[in-house]
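K.L.:
Here's the letter readout for the chains.
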Amino acid sequence: MPESRVLPSLYVHVPFCIQRCAYCDYFSTVLEPGSYPEKFLTSLRQELEATIIQNDISHFDTIYIGGGSPSALPIELLDELCIILANFSTVQTEVSLEINPLDINADLLSLLSSSFINRLSIGIQSLDDKVRVACGRRGSAGQVLDSVDKLLGCTKIPWSVDVMYGLPHQTAKSVSDTISRVLELQPGHISFYELILEPASRLAVAINSRIQQLPSQDDTDASWTETLHTLQGSGFQRYEVSNFTQVGQNCRHNQHYWDLDTWYGLGPSAVGNKPIVDGKYLRHYNDPDLDNYCRNPTKAGIDETIEGNDAIFEYIMLALRTRHGLDMDRLAQQIPGIPRRKLIAAMADFPQFLQISGACISPTELGMDFLNVPLQAILTSLHEGGH
Amino acid sequence: MHDILRTRNFCIIAHIDHGKSTLADRFIERSKLVDARKMQHQMLDNMDIERERGITIKSQAVSLQYTANDGLTYTLNLVDTPGHVDFSYEVSRAISSCEGAILLVDATQGVEAQTLSNMYMALEHNLEIMPVINKIDMPAADIPEARHQISHELGLDGDTALCVSGKMGLGIDELFEAIVHSIPAPTGRPDKPLTALIFDSHYDPYRGVIVHIRVFDGVIKPGLRIRLMNNNSEYLVEDTGVFKLSLVQQEALTAGDVGYFIAGIKTVSDVRVGDTVTGADNPVASALPGFREVKPVVFSSIYPMDTADYADLKVAMEKLKLNDASLLYDKDSSAALGFGFRCGFLGMLHLEVVQERLEREYDQAIIMTAPSVSYHIFLNKGEMVVVDNPADYPDPSFIEHVEEPYIKAQIITPVAYIGNLIALCVNKRGVQKSFNHLDEKRVEMVFEMPLADVLFDFYDKLKSTSRGYASFDYEVIGYQPTELAKLDILINGKPVDALAQLVYRPNAQDRGRKVCDRLQGSMSRQQFKIAIQAAIGGTIVARETVNALRKDVLAKCYGGDISRKRKLLEKQKEGKKRMKMVGDVELTQESFMAVLREREDDDKQR
Ligand SMILES: Nc1nc2c(ncn2[C@@H]2O[C@H](COP(=O)(O)OP(=O)(O)OP(=O)(O)O)[C@@H](O)[C@H]2O)c(=O)[nH]1
Ligand code: SF4
Ligand SMILES: [Mg+2]
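Residue numbers (this note's numbering), protein chains in the order written: chain A, 1 to 387; chain B, 1 to 606.
There could be a bad hint or two in this list.
[Stated by the list, open to error] As a list, the in silico EDC-like pairs of lysine to aspartate or glutamate whose alpha-carbon atoms are at most 20 Å apart: (1) Lys565/B with Glu307/A; (2) Lys461/B with Glu475/B; (3) Lys556/B with Glu198/A; (4) Lys556/B with Glu226/A; (5) Lys567/B with Glu226/A.
Treat the hints as calculated values from the structure; they're not laboratory data. From a predicted model like this one, the values you see are computed outputs, not experimental measurements.
My request is simple: use the sequences and hints to build the entire structure.
P.N.:
Pasting the structure below:
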């Protein structure tokens, strides 16, 4: 057995929001009287304990508290959650908390000042009121900026910001305005990504019935190109398809996802992953059902084994999303018997998208925008059969 | 041993959709060839394309046992034939294996174009023709009118014609009896030297070439050495038998029989439909007349998607040819597409069927070039060259004049659609030659028009314009002067030979525009902008651009998104069309086909 085992990571899904955004299809329920978030917390504690015991875990390399909106939890519950989780962290553990700026208040600030949380992920998405209204995103741009100012005045915790493009009414100008105001706040890390119209979302219904309209492709393309330019000009490195960082502020937690390492997902709808024997992965999906979860937090999910071509493909797909790319040697170690030559041949067809140097294949700047093209070819070559 | 006097060989012929295959079902059912449970509609239409399109493409023989009212059991060899104009060669082959024909007439439609032309074909071969009125169960059936048309338009006895409903099974027993009584038994002699006509064949992956024959004289059985008369190749017969939906072994086939033999034939091209089989030790002196020569009217080239698959494609073509004698082909080559085959087809539907069969039955990924008719090009030097391939089009400065094939199109239609049909034909450069009232409700119109213009979508438009009521038949009548131009298609400035077409000059610019537009619609975006241009003799007459590939939707991909993202990419891969690199541009098979298809809205724009 190869040693130097990587420590596992933990994702906690808090399934509550104050208000649902129109584009979102994540599992979360509106926090209202009768939601009983304390029941959720009790269940989560049970699931965590079972996970720790079953897998003989002492502590995690990274912990990510996301959702939903964990910042929307009543402060005493959030506090309790932090205390529970702190048992399984060390000073080295990266602990991230997702924050909706509208949830920032004195209580939250005081919690942050004394907790083990050492990374914040702030969901701004857009600072254009027209866009925010069209998306049903809580609060105005002004409120968002005031809250974030308040936060930054009180804490030195490194933080990241989420910004979206391709939202209704969002022109390239609107995006670039948001980006420049966000940059004034000097975040260390930016996640910038395009709207995916999820069929089950309210926005999809509004678009299909022509109540809302998405920006043109030209607009979204321009939004992307301009932002890329701005961010690179402001010292950000694009270290993954939709993630940018100042030196040393990479998100370690996400890197574990992209390396297909071990992580446990707790809470309804959370997903976990674990390499098992022979290059297979055990993927665990918790049911997106809060009642069910509260009734039976340790049995509310299903497992899937990802193996063979599926495993190889996922590994490659994720690795190629990152700047440092795919290490064929590590892949061969993780998944024995990969059709190495065939894979390299398929990737060599796209010199403008992928650069190959020895066992390492990484996306070019352009390649990060067009990954689906080589990925399709890789899929095809994997399914052609025969090594 | 069965008795030649108790054998009846007959085919069912008719205009398209008059119910031939449905009637064949009833014959199969009554003779209990299959379990009632296993009975399907149009049993004999067993190819996927036939079932999907609801039409017969191949003639299909089946051997039935029927015990008649006289207490004797008869062997009925029936052949179901197609009705579509493009497959009339199939009908002619069926006819040559029979002594009689049931000529079906749909009681709601009456006599139509193919009713007439198939009847003439049967007459030429001296077949006993039994007119039968079908679909009498339908409320719109007009039996007296059908009888009248049979008498007056076909010159047969309409008054005694039997009335049936193939669908409901009405009148079938009477029809069985009439077949036994009216269709003559075959006349061959088992003691004479073997003479058998190859009327079809097919390739079976396990058993090799299976030859379908009608034995006229003599006996063929396992162990006999036979000779194929066209090239004197000899083989030892391994198996003989008859068609009963599957192949059923039988000790021998004797004079009058219809069946198959297998003889370990390795060289597929030795087998020619229309050839005569005789005994190697006791051969007959002269071969049977065989079939009329196939006269293809549409030409197109077939290339393998991947140039490395040429050898596979060649084998597939040979095997397909065994089962489709009307397919003619020759080796061809293209700068853009490598080696392939220049093919001749009997019509556009035939072309589509060949394309589909190559893809489905033989698993070939192919590209077809724009179809063309064959032109007579008269050169200044006084010489004439026949050109059906744009690649062979001579330098225009050497051309004195050009002639193109014309057809005589016969259209029979209810009066309500006359106006629209005339407009359609005139639009296709047609000139009306005659106009005849067949009765109060129907007229017959004859047009002369260039074949090139009916190739693409004429048949479909005729059907849609007349709600399916007009029928169409045509024959090529000769050549007439025309103005021709070669339309080149350039992709990123380079002409792609496989996309070139020969077109009627006054329509060339219009056509160039449409081709560019359609190509643009069919091409997927690539990493760079692509310019599509149409040119005539070096002058650009139309252009379009395909914008560069759009980047991915740059979405996040965290723990919960991974499986979903993989599945999405897999789904996209399934949807991805097959690609062909032409220079540095990827063309899909659809791009090549797009060049051919007229679009619905093309007409509305006019
Ligand atoms: N009502 C009624 N419909 C019939 C009858 N015979 C056939 N049909 C229908 O007519 C259509 C064409 O029948 P087919 O048996 O496929 O006709 P076909 O002559 O074999 O057609 P092709 O082989 O394409 O020339 C089908 O929808 C049949 O169900 C009949 O006796 N009565
Ligand atoms: S985007 Fe975030 S805040 Fe909005 S509904 Fe989804 S989980 Fe809740
Ligand atoms: Mg039929």
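K.L.:
Against this structure, judge whether each hint is valid.
P.N.:
Evaluated hints:
no.	hint	verdict
1	Lys565/B with Glu307/A	holds (16 Å)
2	Lys461/B with Glu475/B	holds (19 Å)
3	Lys556/B with Glu198/A	holds (13 Å)
4	Lys556/B with Glu226/A	holds (19 Å)
5	Lys567/B with Glu226/A	violated (31 Å)
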